[in-house]
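There are 2 protein chains.
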Amino acid sequence: MSIRIGIYGYGNLGRGVEYAIKQNPDTELVAVFTRRDPSTVKVNSGAEVVSADKVGEWKDKIDVMIICGGSATDLPVQTPALAKQFNVIDSFDTHARIPEHFANVDAAAKETGHIAVISVGWDPGMFSLQRLLSNVILRDGADYTFWGRGVSQGHSDAIRRVKGVKDAKQYTVPVESAVEAARSGSRPELSTRQKHTRECWVVPEEGADLAQIEHDIKTMPNYFSDYDTTVNFITEEELKRDHSGLPHGGFVIRTGSTGENGKSNQVIEYNIKLDSNPEFTACILVAYARAAVRLAGEGAKGCKTVFDIAPAYLAPEDGDFLRAHML
Amino acid sequence: MSIRIGIYGYGNLGRGVEYAIKQNPDTELVAVFTRRDPSTVKVNSGAEVVSADKVGEWKDKIDVMIICGGSATDLPVQTPALAKQFNVIDSFDTHARIPEHFANVDAAAKETGHIAVISVGWDPGMFSLQRLLSNVILRDGADYTFWGRGVSQGHSDAIRRVKGVKDAKQYTVPVESAVEAARSGSRPELSTRQKHTRECWVVPEEGADLAQIEHDIKTMPNYFSDYDTTVNFITEEELKRDHSGLPHGGFVIRTGSTGENGKSNQVIEYNIKLDSNPEFTACILVAYARAAVRLAGEGAKGCKTVFDIAPAYLAPEDGDFLRAHML
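Chains A and B supply the protein sequences, listed in that same order.
Using the numbering used here, you'd call the opening residue of the first sequence number 6 and step up by one each time.
Using the numbering used here, you'd call the opening residue of the second sequence number 6 and step up by one each time.
Derived from the structure by calculation, the hints contain no laboratory data.
Fair warning: there could be bad hints in the mix.
Copies of the same chain look alike in the list, so a pair counts if it fits in one copy or across any two.
[As the list claims (entries may be wrong)] Only pairs whose alpha carbons sit at most 20 Å apart, straight line, appear in this in silico EDC-like list of lysine to aspartate or glutamate: (1) 268 with 247; (2) 64 with 128; (3) 171 with 211; (4) 171 with 221; (5) 27 with 265; (6) 245 with 265.
Note that the coordinates shown come from a computational prediction; the quantities given were computed from them, not determined experimentally.
Looking at chain A on its own, in the form it has when it is part of the complex (with noise of 0.2 Å):
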């Protein structure tokens, strides 16, 4: 019997997960739910559209429950509330709210015997697995990650926001001496402005003053300001042209020191290049979708990480074909 998978909230994310669930023939979208109208929420699948009031009608028809909100505010509403009627898989990515978030989590699923898994994506998520890999197997290294390029839609966001703009996208971009530094094993201290630099598409509104466009965006605190940012102007058609792709990417680096008085220097490197963003988050997703409905099924329960979760978990395949065949 498939995995029976309902995806709550319908954004890029969510559409994302729709398309990968096509990919994974051992499970099966039931349901899309959406704050907006129903009918007015036109799905690429067979799946029904449902209100998000009425959630509460599919808990014996769904085995696991995607949530595709926004970490912002969505997420640490929604999903304890959901953990306590389905198991539930997000990708909160407030890194440092992580541990609050888990607990808000945990205490819901236990309460109610579900499994949820919060922070699944690629980070939070695989860039989080390969800096606890690589740190266990390099205990005496350094740790660098490095995002990009790629477009960062908090920064988009806020650049929209700037009096005078109409429309933005913002590519974070690493560094690539940077990079190399951090490969090469030296271990060198990078700051924010050096591993980074942020490179910025803007449309301004008619007869916006461009001057003072750039220089509120390069003056943004957290968002702006300890980088090196580029702004540049374009038309509202180029921006569509050239910019409506949500690609990104990045890497994890670890280097460190074994053997007799640490002289082997080792590298460990991970890196991906994305086209869509969105759509990798929701392959993940679907992933530990089905780790999470094996965990149920076993009796586990409460809130787990990607740490917490044995790797044969995510795949359809069983232990003996993947001991025969990845191994």
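Position chain B relative to chain A; hints supplied.
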């Protein structure tokens, strides 16, 4: 209380484990077991050196035995035998024989209630984990594993068996253009010859027929005949000066398609660059030794691989720490 580790077999890998234990303060090396006369074995720590015959006397003094024998003839015998008396870890790396080795070790470990983790290292091991992780994410895709640039002990040994060869080292070298083609997402079919070249550094015996040696190496079935092989003759001094290390490395690449009509190309790459192959393998063994002892403490029994162990078990830190600092 620290994890009490025994090392069974004291070659390059055993010495690497000894150094790795020093980098992991929650572990302690209690004894090194050797088939040689213990009085002739000098270790780099305060550990007792014990004859392999007497291993049974150490049953209650060791939490986990790291078996550092060879895969061809040692481990198929040693791991099942020792799994009857100890929790054990090995780095069995004959891929084709893993299912058989797993079955033998599983039966032995279950019979006596021990935990065994086999095929721990980087390939099999970390590379296997990366193959599994990238396959569960990118269901529609292609896998590529490249090894090197690094010393292959098996191929170096094969050259040493050629008539007229006094000593030799063989480097496996990935073909850069093949690595690039794999990364591109075009899913090329790559032949054995296209993926790697083999570079041989050979010290001939005095008066040996160099042309014959070169011919014998290049036409050797399984080892060299399917590859573009170069043979370089050098002196014993040059071999010692320039080729005494055991560097290695490699790449695991998976590319795949996601989204609507598979239009997004996604690339995942894991790569390592090692000054010392055995020291790196040793570090992985120690991390899995920690996991084995924890699993045993929870009552788990039988044979496991890297696929069966949740990553959190590998780290000395607890879940709260890992979530706060690595997720």
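Now for the hints, and whether the structure bears them out:
1. 268 with 247: Between copies only: 17 Å across chains, 48 Å inside a chain, cut-off 20 Å.
2. 64 with 128: For residue 64 and residue 128, neither the intra-copy (30 Å) nor the inter-copy (43 Å) Cα distance is at most 20 Å.
3. 171 with 211: within (9 Å within a copy, 80 Å between copies)
4. 171 with 221: For residue 171 and residue 221, only the intra-copy Cα distance (14 Å) is at most 20 Å; the inter-copy one is 72 Å.
5. 27 with 265: For residue 27 and residue 265, the Cα distance is within 20 Å only across copies (10 Å; inside one copy 51 Å).
6. 245 with 265: Answer is between; shortest inter-copy Cα gap is 19 Å, intra-copy 57 Å.
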